[in-house]
Amino acid sequence: MSHAGAVERAFREESGRVLATLIRHLGGDFELAEDALQDALAQALRTWPRDGVPANPGAWMTVTARRRAIDRIRRERMLADRVQALQTLMDLEQTAGPDPDDDSAVGDDRLRLIFTCCHPALAIEARVALTLRTLGGLTTAEIARAFLVPEATMAQRLVRAKRKIATAKIPYRVPTDDVLPDRLAGVLAVVYLVFNEGYAARDGDRLVRADLCDEAIRLGRLLAQLMPDDAEAAGLLALMLLHDSRRAARTDSAGRYVALPDQDRAMWNAERIAEGTRSLDRALRLRRPGPYQLQAAIAALHATAPSAEATDWAQIAQLYAELARRAPSPVVDVNRAVAVGMACGPQAGLAVLDALAADRRLAGYQPFHAARADLLRRAGNVGAAAAAYDRAIELSDNAVERGELERRRAALHPA
Amino acid sequence: MPQYMLLIYDDPTASPAPDSPEAQKEFAEYGTFTEDIRSNGQFVSGAPLQRTDTATTVRVNGSGEAVLSDGPFAETKEWLAGYYLLDCPDLDTATAQAARIPAARHGSIEVRPVMEIPGM
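Protein sequence lines, in the order shown, are assigned to chains A and B. For the first sequence, the numbering used here assigns the number 1 to the initial residue and increments by one for each residue that follows. For the second sequence, the numbering used here assigns the number 416 to the initial residue and increments by one for each residue that follows.
This is chain A alone, in the form it adopts within the complex (with noise of 0.2 Å):
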């Protein structure tokens, strides 16, 4: 352990953790939590390299980020709301081990940590940007780069986030069962965004991306872990799992897209693979089903799946009605038209398109004509396929994702 980004990394596994219940034991103060786990992160950057990282880093950050937070309430002039606090913290220097609370109590921690940084009243941008900054451990810096937004706005937008939490009273809670079932839908909602936001190739520092991926990921295994009842949540931990396994096959050597079709499906990842598979045997178990589960369905078909022909399509046409009964969605229709192509041919497929069109919303979605020029490509109408890819085209902001259309447009061969 010799420098600053082993001691940091060190730290980050466990600092989620250690927030949640530091800011228990404070009443919910984000920025003061915050603060002092930064002041014992300094302290570990200067003794961890010393010393060696401690048997536990866990209770050492706990203890160290308390006695920070004593010191930081006694420096600053005491407020009558921080005494509670400073008592809370003073009982438990008292005890015995770094924390009384058993493992059950520090779930129960990230688990309010999860529900109030995910709060609905609290912006979407804020509950994302909280959510990887407090439960994640990435750094604003990080998150910044990730959002392709400067450092300074996110540090504002976090600010914000923390002041109105501790203004406005967010309660630092799992909500009541009477709300309950809509929140958890929230704070899932959070993390696939989280997800899709590092797995759309979009531009952009592709490292930090994948990065979110896995946070996404790490996230979704909390949640699965700590709501073991919530079929949707096991759903959600399933579709990333699925998603992500095909990462690597996504771009070719040159970051070129590769559609599924035509993957090298030995590069997907089998150990993602097999535990999305196992979280959504998980979930369909609890049988209730719902539109993660139903995603997390089509991507295990596709993934265990040994060639594109050999997929069932038939079966995720069907997955994605039932799909597009329960949310639907343009995406949804124009998916359920390829999977409809594939099982029934083209014609069919261009059938499930044409019925769509009279949606006015599809006139600008790129992925519409791009699936329209795929099908009619097959059904050899060559003009139309040309005119709709040059419509795709036109509607892509991705630079990967044009650059395949392109280079498809250019193959047509007059029939």
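What the hints contain is simulated information worked out from the structure, not anything from laboratory work. Note that beta-carbon positions come from the ideal geometry of N, C-alpha and C, so glycine has one too. Worth double-checking, as some hints may not be accurate.
[Stated by the list, open to error] Selected chain B positions facing chain A (in silico; Cβ < 10 Å): (1) Ile452; (2) Pro504; (3) Asp505; (4) Leu506; (5) Thr508; (6) Ala509; (7) Thr510; (8) Ala511; (9) Arg527; (10) Pro528.
Mind docking chain B on chain A? Use the hints.
Using the frame of chain A, we list chain B on its own:
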């Protein structure tokens, strides 16, 4: 105990016409709601306001004179129609109560924590 101001913004074009059965039903709902928050101790104060065409805006100019003008400070589609000031332990409690205010169905309720000033 923190206090929250529930500012009721209503859209006159969307709210039920005065004296209509819907308006009477809403009036009764306000009664039930107010009774509820009185009996659970959350109610601090609250009142409906007269329409914005009765509003007068006051500014004091550079010479210290009060300048009055007819009408509300800002012309918007939604106007401030009333308020409740509640004692609530946290934001979730306050927003849950805000959702019970009838105007939330055709207007919106802005929930703002009251600034606590020691000694006041």
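Status of each hint after checking the structure:
no. : hint   : result
1   : Ile452 : violated (18 Å)
2   : Pro504 : holds (8 Å)
3   : Asp505 : holds (4 Å)
4   : Leu506 : holds (5 Å)
5   : Thr508 : holds (8 Å)
6   : Ala509 : holds (8 Å)
7   : Thr510 : holds (7 Å)
8   : Ala511 : holds (8 Å)
9   : Arg527 : holds (8 Å)
10  : Pro528 : holds (5 Å)
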